[in-house]
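2 protein chains.
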Amino acid sequence: MKILPTIALKKGAVELIDQTLLPVEYKILRLNRVEDLCEAIKALRIRGAPALGVAGAYGLLLAVEEKWRQHDTWYFDADGTNLDAFPAIATVEAVQQYIDINAKILRDTRPTAVNLGWAIDRMRKIYARVWDDPKAMLQALYNEAQAIYNEDIEMSLAMGRHGAALLNDGDNVITHCNTGGLATSGYGTAVAVVFSAVETGKRVHLYADETRPLLQGARLNTWECVDRGIPVTVLCDGASASLMSEKKIACAIVGADRIAANGDTANKIGTYNLAIVAKRFGVPFYVAAPSSTIDTAIATGSDIPIEQRSPDEVKQYRGVIVAPEEAEAYNPAFDVTPHELIAGWITEKGVLQPPFDR
Amino acid sequence: MKILPTIALKKGAVELIDQTLLPVEYKILRLNRVEDLCEAIKALRIRGAPALGVAGAYGLLLAVEEKWRQHDTWYFDADGTNLDAFPAIATVEAVQQYIDINAKILRDTRPTAVNLGWAIDRMRKIYARVWDDPKAMLQALYNEAQAIYNEDIEMSLAMGRHGAALLNDGDNVITHCNTGGLATSGYGTAVAVVFSAVETGKRVHLYADETRPLLQGARLNTWECVDRGIPVTVLCDGASASLMSEKKIACAIVGADRIAANGDTANKIGTYNLAIVAKRFGVPFYVAAPSSTIDTAIATGSDIPIEQRSPDEVKQYRGVIVAPEEAEAYNPAFDVTPHELIAGWITEKGVLQPPFDR
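Protein sequences appear in the order of chains A and B.
The first sequence maps to residues 1 to 358 in this note's numbering.
The second sequence maps to residues 1 to 358 in this note's numbering.
Among the hints, a few may not be true.
If chains are identical, the list can't say which one is meant, so a pair holds when it fits in one copy or spans any two.
Below, a list of computed lysine to aspartate or glutamate pairs in the DMTMM-like style, where the Cα atoms sit at most 20 Å apart [stated by the list, open to error]:
no., residue 1, residue 2
1, K27, E15
2, K279, E340
3, K248, E328
4, K104, E307
5, K10, D72
6, K27, E325
7, K67, E307
8, K247, D303
9, K42, E313
10, K135, D357
The hints are simulated quantities; they were obtained by calculation from the structure and are not laboratory data.
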């Protein structure tokens, strides 16, 4: 199956597809500084909860690379490390402190996506240990970051397989926001279910909510489906009731940015509306996400922090003004769909129900 | 109260605000030809069911003006007629036939809006009579068109009054698409309810669905509210569930393009989604429309013809490409909200329930 180069370590830098330019332009950004990676995350050049987890892990390696950068060499690459070049004068404590500062900076870029903090916590469990040698610590950190990346690919493929079993040949599936390869290390969550079903020979037509304000559905799901030869139809976010009243929709599948212990699910703004509409039409509504998205420390959705984004995302589109300056705008990045509207949570472990620890 | 110059007869031409340019530019178009008026209707330079009724009536006068146009004079103006200048050689039959051809052309511009056909039918009842003199016929047609215009203003004001009684001081109201003065002869339907409540001293905050694909909510409701000093917040169409979960919304009020005898209501795509979401949160959902929008010849919503518009409205925004060329788009102009989701129909006659003839 096809894996997109959503995010990669490349000879001392983080490389990623600038998703804000798609579908018009396909451009790989090479980022040498943590500051630039944070800008890319905040500006949604890279987005999607699982991809942000990998970005967080790689961001810590980038921090080390940036601080102790040496001319004409690098420490971290997708194919391995080059830690012999790491300066002997850097103490374990100095490296640990420096990584810890950057962990906080990276974590604060997006407050809702649990995977970002989850990946950084995994990295901390490594670097916070007692180490004799910074190189050994950095090799272990690299291994952990690569494990997060590789596990994300594996989880996408497993989620795809588990979800694909729910789909039949000829199904129409509706989704909201982008949850394909671009949202992850390269294969996807909700849309990976469609990819996986298609790879097993089922014909599936994807209906993609355009997903205002930033149009990840119109721009990214369509681009990925066209790239894979999967039929895709984009619709305005308000058109799903009309669509379901006209056409048989087999199910809705969306991703998640954070799932509470009771199953309440934070995902891109507009998900809750789609879930309510699906319920009205008896269309099963599934969430597909790696189990790392489940935050058992949070009992219900009302405890999930919701990022508020700039009103200008609603009032403008790429410099085109669509509302007067004096008007206010309501622009939360996410909403929380109550668990009772969700038929099942498709994870790498299977299709689960809350409480997820049983 | 303030009446906008949405559409007017001005010395032999139809003048209208080009609504596609708002809120960035306020421009009055002067249209001398029926063809140009039809283009303006199809391109939504003027839209809104009641405004289209007036456009249909004025369009027939414009047809006469265009065909028998004389240098340096005109036959029809907002302030009266100048029919002495009408050429004596034009026979009653020739004028009738010519008007009838244009009636069909105008009617076909927008298939869903019932008011367009309704206004043209009213005009036909006048011109299809036996007439001795074309000038007398044209004077009667002019009187009928002005009556349609004036009644529309009166109906807006009456609707506003009836609806305003449903609102309390401090209420938050949500709406979809533009239904203010720009959608009518100059005062409005659903949003006129808010205008009317504010004019009686109640503080009301309007939450305006942006209304993709053409953003009439973001562009026009906001512009009208800012113009009147009414607080207005725009939101993406998918954000209403999030909004209702956070904030007390007193009610939703929307307009209508056609209402079936059982109350099923065709309105701008996205209305049905909002109605389903409002139901989930127990928010009363009202339709505000002149009684001419009720089409008793149509039993239920499934018989209402739905205009399909260009996929490019979804896939582009003012020349900015937002989806790849190969992707399809689903773009009906309207959806049909089932009557059971609607709490009441606010008309110039009061707040009604189906069947409307009792």
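The hints, checked one at a time:
Within a single copy, K27 and E15 get their C-alpha atoms as close as 10 Å, which meets the 20 Å cut-off; across copies the closest is 47 Å, which misses it. Taking CA atoms no more than 20 Å apart as the test, K279 paired with E340 passes in both settings, with 10 Å inside one copy and 16 Å between copies. Taking the shortest Cα distances, K248 and E328 sit within 20 Å of each other only across copies (17 Å), while inside one copy they are farther apart (38 Å). In the homo-oligomer, the alpha carbons of K104 and E307 lie at most 20 Å apart inside one protomer (17 Å), although the nearest pairing across protomers, at 53 Å, exceeds that limit.
Taking the closest pair of Cα atoms, K10 and D72 come within 20 Å of each other only inside a single copy of the chain (14 Å); across copies the shortest separation is 75 Å, beyond that limit. In this assembly of identical chains, the alpha carbons of K27 and E325 lie at most 20 Å apart only when taken from different copies (19 Å versus 32 Å within one copy). When the C-alpha separation of K67 and E307 is checked against a cutoff of 20 Å, the pair qualifies neither within a copy, at 30 Å, nor between copies, at 60 Å. Taking CA atoms no more than 20 Å apart as the test, K247 paired with D303 passes between copies only; the shortest distance there is 17 Å, against 37 Å inside one copy.
Taking identical chains as interchangeable, the C-alpha atoms of K42 and E313 lie at most 20 Å apart only when both belong to the same chain, with a minimum of 13 Å there against 29 Å between chains. Proximity of K135 to D357 under the C-alpha cut-off of 20 Å is found in neither arrangement, the shortest distances being 37 Å within a copy and 85 Å between copies.
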